[in-house]
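Protein chains: 2
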Amino acid sequence: MTSGVPDRRRRVREALTAAAIDLFLTKGYEETTVDEIAAAARVGRRTFFRYFPSKEDVIFPDHEARLVRVAEVFATAPQDEPPLAVACRAVHGVLEAYLAEGVIAVQRYRLTRDFPQLRAREIASAHSYHIAVTRYLVDRVGDEPDGALWAEVAASAVVSAHNHVLRQYLKAGGKGDVLGKADRAFRYIRETLGLTAARADDADDDVVVAVMRRGMPLANVMSRIEDALER
Amino acid sequence: MTSGVPDRRRRVREALTAAAIDLFLTKGYEETTVDEIAAAARVGRRTFFRYFPSKEDVIFPDHEARLVRVAEVFATAPQDEPPLAVACRAVHGVLEAYLAEGVIAVQRYRLTRDFPQLRAREIASAHSYHIAVTRYLVDRVGDEPDGALWAEVAASAVVSAHNHVLRQYLKAGGKGDVLGKADRAFRYIRETLGLTAARADDADDDVVVAVMRRGMPLANVMSRIEDALER
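Line by line, the protein sequences give chains Y and R.
Count the first sequence with numbering that gives the first Met the number 0 and you get residues 0 to 230, in order.
Count the second sequence with numbering that gives the first Met the number 0 and you get residues 0 to 230, in order.
Please note: incorrect hints may appear among the correct ones.
Treat identical chains as interchangeable: a pair holds within one or across any two.
[Unchecked claim] Here are the computed lysine to any residue pairs in the SDA-like style, where the Cα-Cα straight-line distance is at most 20 Å:
hint : residue 1 : residue 2
1    : Lys180    : Gly43
2    : Lys180    : Val137
3    : Lys54     : Ala119
4    : Lys170    : Asp145
5    : Lys170    : Pro115
6    : Lys170    : Gly141
7    : Lys174    : Pro115
8    : Lys54     : Gln116
9    : Lys54     : Arg120
10   : Lys54     : Gly179
11   : Lys174    : His62
12   : Lys54     : Pro115
13   : Lys180    : Gly141
14   : Lys180    : Ala96
15   : Lys170    : Val137
16   : Lys180    : Thr25
17   : Lys26     : Val105
18   : Lys26     : Glu80
19   : Lys26     : Ala123
20   : Lys54     : Arg10
21   : Lys180    : Thr75
22   : Lys174    : Pro5
23   : Lys170    : Gly146
It is worth saying that the hints were derived from the structure and are not from the lab.
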């Protein structure tokens, strides 16, 4: 769904994607030609290539638009929103776009599982989110000591949490509380890797005393400390 | 360097890689043919394809062997070594392999920066480490609540820390304290994401009291807590 693109273009694009998915699932990826996809969508071969640069791109029709929306989240994020919160919000938008696709996303998952060329294309897509998020985080904290390292690690954590939650959902045929799991996953990342955000907070000097058992799991220690510090 | 492979095979392989890097750097990737690479290494085209499945593989001659070594680290790691420590150790081995290559690694970095096909191949390689590490961590902690999520996030953090440190080093032409930076990066990851390791520790029930200022950076809070808990 590319906002601003006329209806007819959107319809042709969707028809090509639907036809390609159908053919790939029934005949196989290698065995399907661009001509067959175009014919099934009732357009010509040249029209196909006006929409997609190659056969493998046809099942990722929305990738560029999603990257644009991620960039928009970064461009419009308030400067006082913690960088990792912005990153999670942007990647959450990508997740929502997958969910909005419904069965298409489930079918694409099956295709990327079965056909290495499509899997390679999917890995490259995920990597482009990693790069976009890393760049944003570097912009925000790259000047701090180890900021660039943190940016890259945090970006990969956010993107891989998204990938994990989404993959479980698609593997289950599009079932399960994917949004609840995503919230938990992103909260985990913000709690564990949100150091730089915390560092940037305004500090005051109240004393906090925390009491805990030595054997308490570190996760519980952390959450008790965070409560005490009201973060 | 593949241990157990006869010297002649190793020499031919290295000659093909050296010839390819030289040609790619001077003529460009697209403009160089497999026949030219083979001729420069004084072998035939068919010999080339006995060593490498495609032109893009020739600059990653050691990739499979590195994956094997990662798998060996996982297969031989003691069960009481924290999973994230094993993961860092395995990926550190990959870093050492890059450093042992010397100028080849720097030249490959330039090629992957300049030629998208080689960059895509590099991304796929990095992804194969991510998958290997994720699988190992899932084996170790997949049964715990959110263990699979943690495994994937932690694996991506370890691999991206490696990538970051290595890329900075290669970008600088192979200069800088890469091992010191890697140690710091892996320590950071173990300190922030090592929750599952901590959870598996034997617990006793001494009470620990920690006192801190509310404005203390979370990193300092964490390190004070870890000291108090003697982890």
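Intra- versus inter-subunit Cα pairing at 20 Å for Lys170 with Gly141: between (37 Å within a copy, 17 Å between copies)
How do Lys180 and Gly141 come out at 20 Å by Cα distance, when the copy is not named: within, between, both, or neither? between (30 Å within a copy, 16 Å between copies)
Could you place Lys170 and Val137 in one of the four classes (within, between, both, neither) given a Cα distance threshold of 20 Å? Between copies only: 17 Å across chains, 33 Å inside a chain, cut-off 20 Å.
Between copies, within a copy, both or neither: which fits Lys180 and Thr75 at Cα up to 20 Å? Close neither inside one copy (26 Å) nor across copies (34 Å); limit 20 Å.
Alpha-carbon proximity context of Lys54 and Ala119, limit 20 Å: both (13 Å within a copy, 17 Å between copies)
Given a CA cutoff of 20 Å, do Lys180 and Ala96 count as a within-copy pair, a between-copy pair, both, or neither? For Lys180 and Ala96, only the intra-copy Cα distance (16 Å) is at most 20 Å; the inter-copy one is 38 Å.
When no copy is named, should Lys26 and Val105 be tagged within, between, both, or neither for a Cα gap of at most 20 Å? Within one copy only: 18 Å inside a chain, 43 Å across chains, cut-off 20 Å.
With 20 Å as the alpha-carbon cut-off, assign the pair Lys26 and Ala123 to within, between, both or neither. neither (25 Å within a copy, 26 Å between copies)
When no copy is specified for Lys174 and His62, does a C-alpha distance of 20 Å or less occur within a copy, between copies, both, or neither? Neither: 23 Å inside a copy, 37 Å across copies.
Within, between, both or neither, where Lys54 and Arg10 count as close if Cα-Cα is 20 Å or less: within (18 Å within a copy, 39 Å between copies)
Intra- versus inter-copy proximity for Pro115 and Lys174 (alpha-carbon distance at most 20 Å): Neither: 25 Å inside a chain and 36 Å across chains, both beyond 20 Å.
Between Lys26 and Glu80, at a C-alpha cutoff of 20 Å, which is it: within one copy, between copies, both, or neither? Classified as neither; 49 Å inside a copy, 48 Å across copies.
Going down the numbered hints, you'll see the structure goes against 1, 7, 10, 11, 16, 18, 19, 21 and 22, while the others check out.
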